[in-house]
Amino acid sequence: MTRAALGALLSHWRRKPFQLVTLLVGLALATALWSGVQAINAEARASYDRAAAALGETRFARIARADGGMIAQETYVALRRAGWLVSPILEDRAEIGGASLRLVGFDPLTAPPSFLPGSGPGGAGGLAGFITPPGQVIVASGTAEDLSPEGGPEIVTVEGLAPGIGFTDIGIAQRLLQRPGQISHLILLPGQPMGRPDLQDIAPGLEIRPPAQSSDIARLTDSFHLNLTAFGLLSFAVGLFIVHGAVGLAFEQRRPVFRTLRALGLPLRRLLVLLVAELLIFALIAGAIGVSLGYVIAAALLPDVAATLRGLYGASVEGTLSLRPSWWIAGLGISVIGTGAAAAQSLWKVARMPLLAPARARAWALQSERALWAQGGAVVACLAVAAGAAAIGGLVASFTLLGALLIAAALSLPILLHLLLGLAARLARAPVTEWFWADTRQQLPGLSLALMALLLALSANIGVGTMVGSFRLTFTGWLDQRLVSDLYITARDEAEGQRLEAYLADKTDAILPIWSIKARVAGWPAEIYGVADNPIYPRNWPLLEAAPDVWEQVHAGTGALINEQLMRREGLAPGDRITLPGPWSVPVAGIYSDYGNSDAQIVIALDQLTSRYPEAERLDYGLLTDDPAGLARSLRDDFGLPAENMVDQASLKAFSLSVFERTFAVTGALNVLTLAIAGFAILTSLLTLATMRQPQLAPVWALGLTRAQLARIELGRALMLAALTFVLALPVGILLAWVLLNFINVDAFGWRLPMWLFPRDWLWLGLLSLLAAGLAALWPARRLARTPPADLLRIFANER
Amino acid sequence: MNARLLVALIWFPCAALAQGFAGLGSDAEGFALPKPDKGFDFPADHGAHPDYRIEWWYLTANLTGADGRDYGIQWTLFRSALRPGDPGIKDWSSPQIWMGNAGLTSPGRHFSAQRFARGGIGQAAVTVAPFGAHIDDWHMTANGPGIDSLEVAASSEDFAYRLQLSADGPLVPQGQDGYSVKSADGTASYYYSQPFYLVGGTLTLPDGDVQVTGQAWLDREWSSQPLSDDQTGWDWFSLHLEGGQKLMGFRLRQTDGTHYTSATWIEPDGSPTPYGDGHLSATPLATASVAGREVPVRWRLELPERGLDVEVSALNDGAWMDTVFPYWEGPIMITGTHSGRGYLEMTGYE
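Just so you know, the protein sequences line up as chains A and B, in that order.
Quick note: the first sequence uses my numbering, first residue 1, plus one each step.
Quick note: the second sequence uses my numbering, first residue 801, plus one each step.
In short, the hints are calculated from the structure, not lab data.
All of these numbers come straight from a predicted model, not from anything done at the bench.
We put the beta carbon where it would ideally sit given N, CA and C, even for glycine.
A couple of the hints might just be wrong.
To be verified - Sample of chain B residues facing chain A (criterion: CB under 7 Å; computed from the structure):
(1) F831
(2) Q923
(3) T927
(4) D936
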């Protein structure tokens, strides 16, 4: 009996292969987008880490001379021979192949594993080629384009390196930089042997510096990844609408089968078990396809095809995308859960179906006024949940708010469309127009799920796009603000700082001391910075809130700037007083945004800092110059400042932005994919409806409308519905972005990103959604235009 | 790119030779080749031979602790020339590369550590008079002329040892007066041993220091291509037999499933008798699963000419050297027609 029942159930899919394909494709796409987003997140985080490592070797403690000078190579050998596991680094700016590079010389034999970020083929000649002259310089491929190899070291390109940095052997670096026997600093390796003598006994004058803390980039991107994850979840939800539609249709069409099987004695429980087993198999198959597809998506979006191959063949190489078992489990799991969620309603209906129920398939969700009222009630309930969540606050509540708002928007779509179409029908005068509106309204229940999917996809696009765009604009502005100087230098001691000021006086446009002290302000750990009286700050330092004469106040010592974090924690506003160490009570003159820093920050005038806090460290300067490279060269060659004490922030900025651009490209592609899924949902709905709608269309045809006219009307209807949905999605998307920016970011990170609107993006999105709906309607419309008149005639014979 | 990986790629040819790993194929072009009947020139031959591609100073010791337990240690220094023609470059561009391996084995624990160093800068080197070999703080230093009296030390995060060695027998040339043939093709190396060290010293383990005494065996070997292309790995035995005799034997595994064996029987007075291919028979009796591989840890060794038929078994099956080029190396116990202790090294088990 079980076998026969299973055969009867499965025969449905044999007869309706397109439905099967719809189900599997919908589920696979949903799983694929989810898995892809996860992989991209993981990969992006890894590349930030590599970037941070490349920019600062932040992962390792280092040993350097306390006075900032060079370490003699003999000291390195002496430390090694005493048992200290250290690895030498020599870095400085160098002219290689006609371009200025930050050259990092290291010893491949003693450097820690994964010292060199990125991946790719090594140069020719193996280690011998790397360590013996002329040697090799490893750079990012973008950097290599600027270099012309002529007689010097071989240029080897590797993916994942920061631009403007070249890695080479320490011996080659000593030659290229003409610093024989010199080392900038030593990396202190983990796993030091037992019984080493003290560092001071072997190498007096050296000191250990702990690894740097997590970088600003990583902190900033946390909020971005959180949002990207939410976006992946939304894509998944959109995909589930297809599954819901396909499962619902299949169950409705099999009602006669269910009834017959039950009548023949198949227990309800076994029928349900069989149906669940059927769905489970589909979920597993589609999940497997989805995970593979998600991997393909992730790999295609990240320019790293080589990593894909390595991943598929099981070699786990650090820093590359790899297909891990946990992926499979997560992907299959989410596919099964998604199928369960999408099919729960249908299964529930089967479980409650009376044995002698009418077996005819209903158009599966003919919506009554009553159903609409019920749906309206659900919308109100969702909005109530959203309001409650907004009142509670906190990260989980914010996500609840987000979800409730989206569900409310999706549920209210059919109601709003119903009302709008009713209004249009009342305004219509010509008979065909009147029929058009009435018929659209009648079709709405069948299309509403697909349109809800479209609404979700569109509003997610608008919302996430707005958030990402705002984030990017803000971040760019923040970088500009923070990296206002062209070259940053650090003096090795205060005497050198004074000599630097004298030396640089006529060589730069401005010398901006960046002096600060660490302190506790209002109980929070804080940094107090002094700024020089230079017009570049008022020009480049955008303030969130400020008194009218903010900079005058700051420089007169009658006001201080505080960062947004401190403002939010203490509820401060311009005009309030804040007590700085001393104690010094000073009014808040302005508030500035500070993305990427969780600590409180206060900015006061430089002379206030030096007079009130004479202990402030006076080593760092920002320099304004038109020729940072030339200035860095003369500082190094003429003044003798080590290259590690100079940071060319232009390359740091370029790199930070390139990391973000890469991730934004991913978002763009995900937008298109989500829309494609929604378009697919519309296509499946329209195709399903097309077969059911012949009884409605045949009379209109008989009254004199040609099939071509009917097809055009169908196409127009799809476009009109898509346009309406887009218009409704616009406020939802903006609301979504507002929630993301004003609740989730604030709860997670303590800063509020300003929202920027991008109407041109919306225009594109609107056109794209029309295109998707148009393409989806084209096939059913063409089919209608070519339906043989005999088929339409037969409607009258069969149905009446 | 992982710098370790880079190292692995480059070291590969040398490690393949040194350890008998698969995929040799590198030719000796430009490097000196061993010749028969050259004889040794001491103390100069205790030092490095940079004209040859590879070379090692390889010490193993079977020890007994004051706690009554058996221990074994290994101290190894490898030299590899990435390119021929070493004019004694004294900076980073020297093509000489050094690798040190240290191991410590007890019945229940096994430790290993590894060091790498560039030649030319002093981080690793071997001097002749007085003799001294070092990489970082690991060293093997003579307390007088020659290598009769040595101090050997190594340290790592979780173990260390410092041992005093003194020889009570002569140096022993292996093969034909130190010319040790490694295949039917005639590839060969220069090879001599000092198997007569008596040892005393201290092992430092995570639970504290252990005073030890015992016997040690030093192997010195250098060549430019000791293995044939069709040899995939080797099993090497050094046995300290009760009664004072020593036996060195190795089995080179070949791709066609056959083996090339060689052995040297050493009398208590140090006089060696070499046995060419086919005399020594080494048969695995049992394997253990170590680091995901099946490695033979119990063997039958037969040398009928000397009436030797013994079974050797590992003190600790898990004596896996988890280094960049992993291999098995650990102390063994001998039973059968003879008894005693020794060391076993096995490479190329993938």
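Here is how each hint holds up against the structure:
1. Given hint, B:F831 at the interface with chain A, is violated; its Cβ is 13 Å from that chain's nearest Cβ, farther than 7 Å.
2. Interface hint at B:Q923: satisfied, since its Cβ lies 5 Å from the closest Cβ of chain A, which is below the 7 Å cut-off.
3. Restraint check, B:T927 versus chain A: the minimum CB separation of about 13 Å is more than 7 Å; hint violated.
4. For the restraint placing B:D936 at the interface with chain A, the shortest Cβ-Cβ distance is roughly 5 Å, inside the 7 Å limit, so the hint holds.
Hints 1, 3 from the earlier list are contradicted by this structure; the remaining hints agree with it.
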